[in-house]
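Produce the entire structure from the sequences given, and follow the hints as far as they go.
2 protein chains.
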Amino acid sequence: VKCSLCEQDAFYLRKTSNEYLCRGCFVKSVEGRVRNTIARYHLLAPGDRVAVAVSGGKDSLTALHILAKVVKRLPNSKLLAVSVDEGIAEYRQQGLEIMEETTNKLGVEHQVVSFKELYGAGLEEIYREAGLRHGELQACSFCGVLRRRAINQAAKRAGASKVATGHNLDDEAQTIMINLMRGDLPRLLRNAPRPMIEREGFVPRIKPLRYIPERESALYAYLRELPMYEVECRYVRNSMRDSVRNVLNEWEEQYVGVKYSMVRMVDKLVSEMPFEVLNTNLKACTICGEPTTREVCRVCELLQQVGLKTIAA
Amino acid sequence: VKCSLCEQDAFYLRKTSNEYLCRGCFVKSVEGRVRNTIARYHLLAPGDRVAVAVSGGKDSLTALHILAKVVKRLPNSKLLAVSVDEGIAEYRQQGLEIMEETTNKLGVEHQVVSFKELYGAGLEEIYREAGLRHGELQACSFCGVLRRRAINQAAKRAGASKVATGHNLDDEAQTIMINLMRGDLPRLLRNAPRPMIEREGFVPRIKPLRYIPERESALYAYLRELPMYEVECRYVRNSMRDSVRNVLNEWEEQYVGVKYSMVRMVDKLVSEMPFEVLNTNLKACTICGEPTTREVCRVCELLQQVGLKTIAA
Chain A
1 VKCSLCEQDA
11 FYLRKTSNEY
21 LCRGCFVKSV
31 EGRVRNTIAR
41 YHLLAPGDRV
51 AVAVSGGKDS
61 LTALHILAKV
71 VKRLPNSKLL
81 AVSVDEGIAE
91 YRQQGLEIME
101 ETTNKLGVEH
111 QVVSFKELYG
121 AGLEEIYREA
131 GLRHGELQAC
141 SFCGVLRRRA
151 INQAAKRAGA
161 SKVATGHNLD
171 DEAQTIMINL
181 MRGDLPRLLR
191 NAPRPMIERE
201 GFVPRIKPLR
211 YIPERESALY
221 AYLRELPMYE
231 VECRYVRNSM
241 RDSVRNVLNE
251 WEEQYVGVKY
261 SMVRMVDKLV
271 SEMPFEVLNT
281 NLKACTICGE
291 PTTREVCRVC
301 ELLQQVGLKT
311 IAA
Chain B
314 VKCSLCEQDA
324 FYLRKTSNEY
334 LCRGCFVKSV
344 EGRVRNTIAR
354 YHLLAPGDRV
364 AVAVSGGKDS
374 LTALHILAKV
384 VKRLPNSKLL
394 AVSVDEGIAE
404 YRQQGLEIME
414 ETTNKLGVEH
424 QVVSFKELYG
434 AGLEEIYREA
444 GLRHGELQAC
454 SFCGVLRRRA
464 INQAAKRAGA
474 SKVATGHNLD
484 DEAQTIMINL
494 MRGDLPRLLR
504 NAPRPMIERE
514 GFVPRIKPLR
524 YIPERESALY
534 AYLRELPMYE
544 VECRYVRNSM
554 RDSVRNVLNE
564 WEEQYVGVKY
574 SMVRMVDKLV
584 SEMPFEVLNT
594 NLKACTICGE
604 PTTREVCRVC
614 ELLQQVGLKT
624 IAA
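Chains A and B, in that order, are what the protein sequence lines are. With the numbering used here applied, the first sequence corresponds to residues 1 to 313, in that order. With the numbering used here applied, the second sequence corresponds to residues 314 to 626, in that order.
FYI, nobody ran anything at the bench for these hints, they're computed from the structure. All clues stand as given, with none of them false.
If you want the footprint, here are the derived chain B segments under chain A, 3+ residues with CB under 8 Å:
{"#": "1", "region": "497-503"}
{"#": "2", "region": "571-577"}
{"#": "3", "region": "580-590"}
A virtual CB, placed ideally from N, CA and C, is assigned to each residue, including glycine.
Below, the structure written as structure tokens:
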């Protein structure tokens, strides 16, 4: 079978458009879609210092490589990379090495922040303190809260005006489904390619791969010969997300385009929501001073539970 | 096990609230939840003439019986029943007989409109003309369009100010999921307990059972000894809805309250949407004069396809 766009041999059938694509056209089309997402949702502007949050996984490598091309053409802009070292033995180390190598090759500044340095202890110590067992759901949400803060701190230190993450279409459709199942409207409305409302103290997070299916992000990394590193954190166990992932994958097989439709609909929805509904008033956390909707932010609350203190950035 | 609310023997465990309920308390609590839905979403007002769209199935019977109690206490209001005879041999006949009996017992006026009378032909004739086969997805959406119009016509003839349907929590959660999978935002925003915007020519449709799980609607009908009639139309085949139903039922087992969360979230969402987004301009269909967003309404379009004409009401 030939590529639908040129004369080369096809190697991929994109079911959503019924196109056969050769390697070259596939790579171009993934990059094109990322450019479209960036343009359509105004993810970048001239003068941006873009910090890609990189883990070493395929999505963050794909994001980094495509953004390197995009940012090169953006006037007065600069690309950076930031990573978080949660302090999980072995797991994170390999990822950090891959990122060091990759960012060196690309000539991109790479900064690492660690839980140890920010919170006084790594994740494993924290879990030991908190008595959390492997595979407990709470472990992931605990880590997620600390990671998000760490990425924000790293981005602020690096003087970044945007943080880009590697969330792909599958991640985003799953998150939408989970928010729907939990009836969590505020979170659903925050699930956007970029924040609808910028808040002081938070470096805006953008998601350039929001419309790239997981499979295509992986294929892109493979074709570009990016180092493959897909070791799963041994603490990961999120049964609701696993179940949602399986169902959405089955539906996508039967009803091609389901994931795209879900994400696109939420984006349309959010763009039509009035400002007052999306806006939430922030105040300074009474402990660490970071912006929060509560008296004490989630980070400080979690750290207090395990007898630690937030160390201001 | 005893009822959580009184001293009687329990017969039902409501997982969403972890309550054991006896028969009496269960019936009261279902009726109470319908009353709450009616109050919270302003489904009824004094002076309403409420036409329940009845098919003979458990949901429409449950709706009819509960509304009979509610409307009795509503000043200057009246309850009616309307049914549609689509012209499907055997299937609808038994349902209509049950409704005739039930409405007689309740002393409720019952009006039947038929496709034959409105469109000049019954559904089976129309399908024969259109060459639609049993089990074709198109068949259900075809019938749905004609039924909706028929119910509206029947309600207008009966001078009704509201049409109540028997849609339960399961139906509504499935519809939300399907709209999400199709990326159909306008339809998602129209999926509300009552129309957010009333449009001339459409009798507003209300859904008093929107927060009653299918299982509880069936149990209510059983406890109240309402005639059971759950013959499925032999044309029905909606693979997407079947698949969604199965998945939501599995999720509800694992993550109690999922269906409720989905429906409640959409209701919150719709209530926060600005008027301009929800509003759509209607004009008169150039063929039948009924209100529509198009030049020629869907009903006339479908009927034209099979060589029939809409007969104005």
